[in-house]
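Given chain P, work out where chain S should sit, using these hints.
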Amino acid sequence: MPEFLSDPIKKQLQEAFLNLQNPVEIVFFGSEKNCDYCTETKQLLEEVTVLSDHLGLTVYDLEKNSIEAKQYKIDKAPGFNIMAKVGLDLVDYGIRFYGIPSGHEFTSLINDLVLVSGRDAHLDPMTVSYLKGLTKPIHLQVFTTPT
Amino acid sequence: MALESPLVEADMVEAMEFPELANRYQVSGVPHTDINDGEGNVVGAVPEDYLLEEIKRAMGEPFITNDEG
Numbered sequence: 212m213p214e215f216l217s218d219p220i221k222k223q224l225q226e227a228f229l230n231l232q233n234p235v236e237i238v239f240f241g242s243e244k245n246c247d248y249c250t251e252t253k254q255l256l257e258e259v260t261v262l263s264d265h266l267g268l269t270v271y272d273l274e275k276n277s278i279e280a281k282q283y284k285i286d287k288a289p290g291f292n293i294m295a296k297v298g299l300d301l302v303d304y305g306i307r308f309y310g311i312p313s314g315h316e317f318t319s320l321i322n323d324l325v326l327v328s329g330r331d332a333h334l335d336p337m338t339v340s341y342l343k344g345l346t347k348p349i350h351l352q353v354f355t356t357p358t
Numbered sequence: 155m156a157l158e159s160p161l162v163e164a165d166m167v168e169a170m171e172f173p174e175l176a177n178r179y180q181v182s183g184v185p186h187t188d189i190n191d192g193e194g195n196v197v198g199a200v201p202e203d204y205l206l207e208e209i210k211r212a213m214g215e216p217f218i219t220n221d222e223g
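Chains P and S supply the protein sequences, listed in that same order. To convert, take the position in the first sequence, counting from 1, and add 211; that gives my numbering. To convert, take the position in the second sequence, counting from 1, and add 154; that gives my numbering.
It is worth saying that the hints were derived from the structure and are not from the lab. Please read these numbers as outputs of a predicted model, since none were measured by experiment. Treat the hints with caution; some may be incorrect.
[To be verified] Restricting the straight-line Cα-Cα distance to at most 25 Å, the calculated cross-link-like pairs of lysine to any residue (SDA-like) are:
(1) S/Lys210 with P/Thr346
(2) P/Lys284 with S/Asn195
(3) P/Lys281 with S/Val162
[To be verified] With the Cβ distance kept under 10 Å, some of the chain P side facing chain S (calculated, not the full set):
(4) Asp247
(5) Asp323
(6) Met337
(7) Thr355
[To be verified] Where chain S lies over chain P, by a calculated footprint (3+ residues, C-beta under 8 Å):
(8) 239–245
(9) 306–313
(10) 340–354
The beta-carbon is built from N, C-alpha and C at its ideal position, and this holds for glycine as well.
So here's chain P without its partners, still in its complex pose (with noise of 0.2 Å):
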């Protein structure tokens, strides 16, 4: 399969990525069954996470490695859970994508590595404010279209 990214972009990618500050886990989950852009998400995020030493990728299989998927909170193919990277550990933020990131999610991607590497989300005080008192979960769900 030919690379999704231009040499342009990916220069672009790797200034950006200049930014990252700490390191983070893209933790994959494709399938072998009935998964339509399983392969291009993988290739997708191969290409993205080899631009910068902050940046690794786990690869599993949804079926395969149940158990991973489990504990990573992953439920569909192709998902995958961008995660800090502390030492040795993962630390899940909660920030999961599924399906593969074109068009805007691309840069939503971006952005969220970006963010997770900072562990800051730039969000306004009054926001915090109102996260961190929090006593319920919030499960928010993004539905986009590629264009």
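Below, chain S alone, put in the same frame as chain P:
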């Protein structure tokens, strides 16, 4: 938001690849943000404070009443 609280989980879902899920939440326009499995939703790329208000509403705040039913 997920980054700021261990109680927040955020999934980005490509609607075309997961049509059953998109149908379940009646996604017609994107981005469509579902809050707690149908408790609330926001359509469009809205400002942060707007999303926060909708989350509070979906969480039962600040309109907490004891006279339901």
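Consistency of the hints with the structure:
Between the alpha carbons of lysine 210 of chain S and threonine 346 of chain P the distance comes to roughly 12 Å, so the proposed pair stays at or under 25 Å and holds. Between the alpha carbons of lysine 284 of chain P and asparagine 195 of chain S the distance comes to roughly 22 Å, so the proposed pair stays at or under 25 Å and holds. Restraint check for lysine 281 of chain P and valine 162 of chain S: the C-alpha separation of about 18 Å stays at or below 25 Å, so the hint holds. The beta carbon of aspartate 247 of chain P is positioned within 10 Å of a beta carbon in chain S (closest approach about 6 Å), and the interface hint is therefore held.
Satisfaction of the interface hint for aspartate 323 of chain P is found here, the shortest Cβ-Cβ separation to chain S being roughly 8 Å, below the 10 Å cut-off. At a threshold of 10 Å, the smallest CB-CB gap from methionine 337 of chain P to chain S is about 7 Å, leaving the interface hint in force. For threonine 355 of chain P, the interface hint holds, the least distance from its beta-carbon to any beta-carbon of chain S being 5 Å, beneath 10 Å. With 0 residues carrying a beta carbon less than 8 Å from a beta carbon of chain S, the region 239–245 of chain P misses the three-residue requirement, and the given coverage is violated.
Coverage of the region 306–313 of chain P by chain S holds. Counting CB-CB distances below 8 Å, 7 residues qualify, and the rule asks for three or more. Look at the region 340–354 of chain P against chain S: 13 of its residues bring a Cβ nearer than 8 Å to a Cβ of that chain, three or more, so the hint holds.
Hint compliance for this structure: hint 8 alone is broken.
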